[in-house]
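Enquirer: Each chain, written out:
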Amino acid sequence: MNTMLIVFLKEVKENLRDRRTMMSALLFSPLIGPLFLVMIMNVVITRELNKADQPLKVPVIGAEYAPNLISALKQQGFVPQPGIANPEKAVRDMDADVVLRIPKDFGDSWRKGQASQVEMIYDSSQRDTGSSVERLKGMLQLYTREQGAMRLVARGLSPTMMAPVSIDERDQSTPQSRSGQLFAILPYFIVLAIFIGGMYLSIDLTAGERERQSLEPLFANPVPRWQVLLGKLGAICVFSSTSLLICLLGFNVFGRLIPAEKLGMTMNFGPSFVLQVLVMMIPLVILFASLQTLVAAFAKSYREAQTYLSMLMLIPAVPSVMLSVLPVKVADWMYAVPLLGQQVGITQLLHGDSISGSQLATVIAVGLLVAFLVTLVTAQVYRSERLAISA
Amino acid sequence: MIEVKDLRKHFGAVKAVDGVSFKARDGEITGLLGPNGAGKTTTLRMLYTLMTPDQGQVLVDGIDVARDAKAVRRQLGVLPDARGLYKRLTARENIEYFARLQGMDKALIRTRRDKLIETLDMADIADRRAEGFSQGQRVKTAIARALIHDPKNVILDEPTNGLDVMATRSLRQFMHKLKEEGRCVLFSSHIMQEVAALCDRIVVIAHGRVVADETPDALRAQTGEANLEDAFVKIIGSEEGLAA
Chain R
1 MNTMLIVFLK
11 EVKENLRDRR
21 TMMSALLFSP
31 LIGPLFLVMI
41 MNVVITRELN
51 KADQPLKVPV
61 IGAEYAPNLI
71 SALKQQGFVP
81 QPGIANPEKA
91 VRDMDADVVL
101 RIPKDFGDSW
111 RKGQASQVEM
121 IYDSSQRDTG
131 SSVERLKGML
141 QLYTREQGAM
151 RLVARGLSPT
161 MMAPVSIDER
171 DQSTPQSRSG
181 QLFAILPYFI
191 VLAIFIGGMY
201 LSIDLTAGER
211 ERQSLEPLFA
221 NPVPRWQVLL
231 GKLGAICVFS
241 STSLLICLLG
251 FNVFGRLIPA
261 EKLGMTMNFG
271 PSFVLQVLVM
281 MIPLVILFAS
291 LQTLVAAFAK
301 SYREAQTYLS
311 MLMLIPAVPS
321 VMLSVLPVKV
331 ADWMYAVPLL
341 GQQVGITQLL
351 HGDSISGSQL
361 ATVIAVGLLV
371 AFLVTLVTAQ
381 VYRSERLAIS
391 A
Chain A
1 MIEVKDLRKH
11 FGAVKAVDGV
21 SFKARDGEIT
31 GLLGPNGAGK
41 TTTLRMLYTL
51 MTPDQGQVLV
61 DGIDVARDAK
71 AVRRQLGVLP
81 DARGLYKRLT
91 ARENIEYFAR
101 LQGMDKALIR
111 TRRDKLIETL
121 DMADIADRRA
131 EGFSQGQRVK
141 TAIARALIHD
151 PKNVILDEPT
161 NGLDVMATRS
171 LRQFMHKLKE
181 EGRCVLFSSH
191 IMQEVAALCD
201 RIVVIAHGRV
211 VADETPDALR
221 AQTGEANLED
231 AFVKIIGSEE
241 GLAA
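First to last, the sequence lines map onto chains R and A. Just so you know, the first sequence maps onto residues 1 to 391 in the working numbering. Just so you know, the second sequence maps onto residues 1 to 244 in the working numbering.
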């Protein structure tokens, strides 16, 4: 039997018996992404829906100075709460999203036909308050427009005098594209499924094997080291791609649990999404297996390899973070950069756009080339005298 | 038959092996004796092709290690200083893995493996996972997997290290058996008693050089000491790193 196959079968068999590797490759790393997605989405959706439907409870200071205003707001779903002593502190401490303060001279200014002032006290660095603040502002502006129009009509003028330009917003985003923006982090989870899925194996098969002192007797057998390496890489790839597959199936299944349609979004984690992502990710599966093995070959111990690889794990996050923070226009060259290509490709699919055949070919060809080069370097390191020696 | 000619290897400024030559013949047990750090392990590592010598030649059954390392490895059964097993595999599976890597077919593996399990008296552990094996059980398994391909030459690096009295005894008997089968047995040790009890020929190494290459009797005669221990100390020039 061929050396590569012998090594491959033995590594797979041995690691199937390791509970930690199994848990990490088949349960923990692939499912963390889908679970995280479901959690976040449910929180977001539930919160948005609650805020829109629920009456808006806002503490009001000086409600007695503007009874008409308050009753007009009440008709829009506004529920005034008793005033509080220190509104600034209350919003900073997140005791209230927003506080409305009506000064004593509100009525005087109103009667004189001047602009009466109200104060909205809030803390915009509290992300949670955004929707309450916007809703209250909208209510106040509606009241202002109505009252302004009535004053103009009372003086015999047309209300359009006050609105020489009217704005009509025509948002070109589709529910799909909005959901894509929300999921910019999602490709990272898919990449992570591959990375963590193969990580324990990569460490174990090189740094671990050396630390347990079985690499030296292994190399005393009449087999070329590069064939041993390829067998090991094969085993790593099997575990990491299994992890990837479970991850994608997880997105497929959990994607249906997300009540995204309530936000007017559709999410497409269907078979064609799964298949295209799978194809794009194959080069990364090989690349990571080689890269992790390379790092593990340099590390002096299992622990050291673990430390290095945990740091390496952050690199795939870079394109994800970059693309979610900076709205970069997708260009063809991006497909020729490993990791970035996959990130962009998955993002496109999530937007509901399709990837052209040449873009797909670029992602795969460049990825495979880089994976091949890293494998060559790793094979070179595997040939070194120091590799097998544990002490 | 293993022939070593003027072997040299340095690590940085340290000359670990500095001109070692000796012969280990078939049907004999050759002992490589020397204090810790004398260069025994490095010498052996060059014999089983894990390291490349800076200079010198190693011939195993007439095959030059530098020419055809793979063929040499086929002629060798090696118990290295590092003798880690795969803990999640049983003893039998550990042996079988190496047998496959040696390119043996299934039927041959079965016969050789069962015979070694019997000879090494390890039937009770054969189907247990190596996790939790005692030192002696570990060495037995490592020896079985090293000899599965029936090699003509056997290299053992400090084979009795960490073994208790009973395990040491049975290992020595096993080495005698290998010798009677006509194999070339080469082993290293820093324990004088062991070398004296086992060897047909003793190669004493100190500071990377061979300082004596004789039969035990000749060694005693050469130094004028009736006691082998005194003879060794006289040859090496110090008692450091040797164990009685």
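Because the hints were derived from the structure by calculation, they are not lab data. Take the hints with a grain of salt, since some may be wrong.
[Stated by the list, open to error] With a straight-line Cα cutoff of 27 Å, these simulated BS3-like cross-link-like pairs (lysine-lysine) come out: (1) R/13 with A/87; (2) R/89 with R/112; (3) A/15 with R/300; (4) A/87 with A/115; (5) R/13 with R/300; (6) A/177 with R/74; (7) A/115 with R/300; (8) A/15 with R/13.
[Unchecked claim] Here are the in silico distance ranges between beta carbons for each label pair: (9) R/32 with A/5: 40 to 46 Å; (10) A/57 with R/2: 49 to 55 Å; (11) R/376 with A/8: 56 to 62 Å; (12) R/369 with A/209: 25 to 31 Å; (13) A/124 with R/256: 15 to 21 Å.
A virtual CB, placed ideally from N, CA and C, is assigned to each residue, including glycine.
Enquirer: Kindly indicate which numbered hints from before are broken by the structure, ordering the numbers from low to high.
Expert: Of the numbered hints given earlier, those the structure breaks are 2, 6, 7, 8, 9, 10, 11, 12 and 13, listed in rising order.
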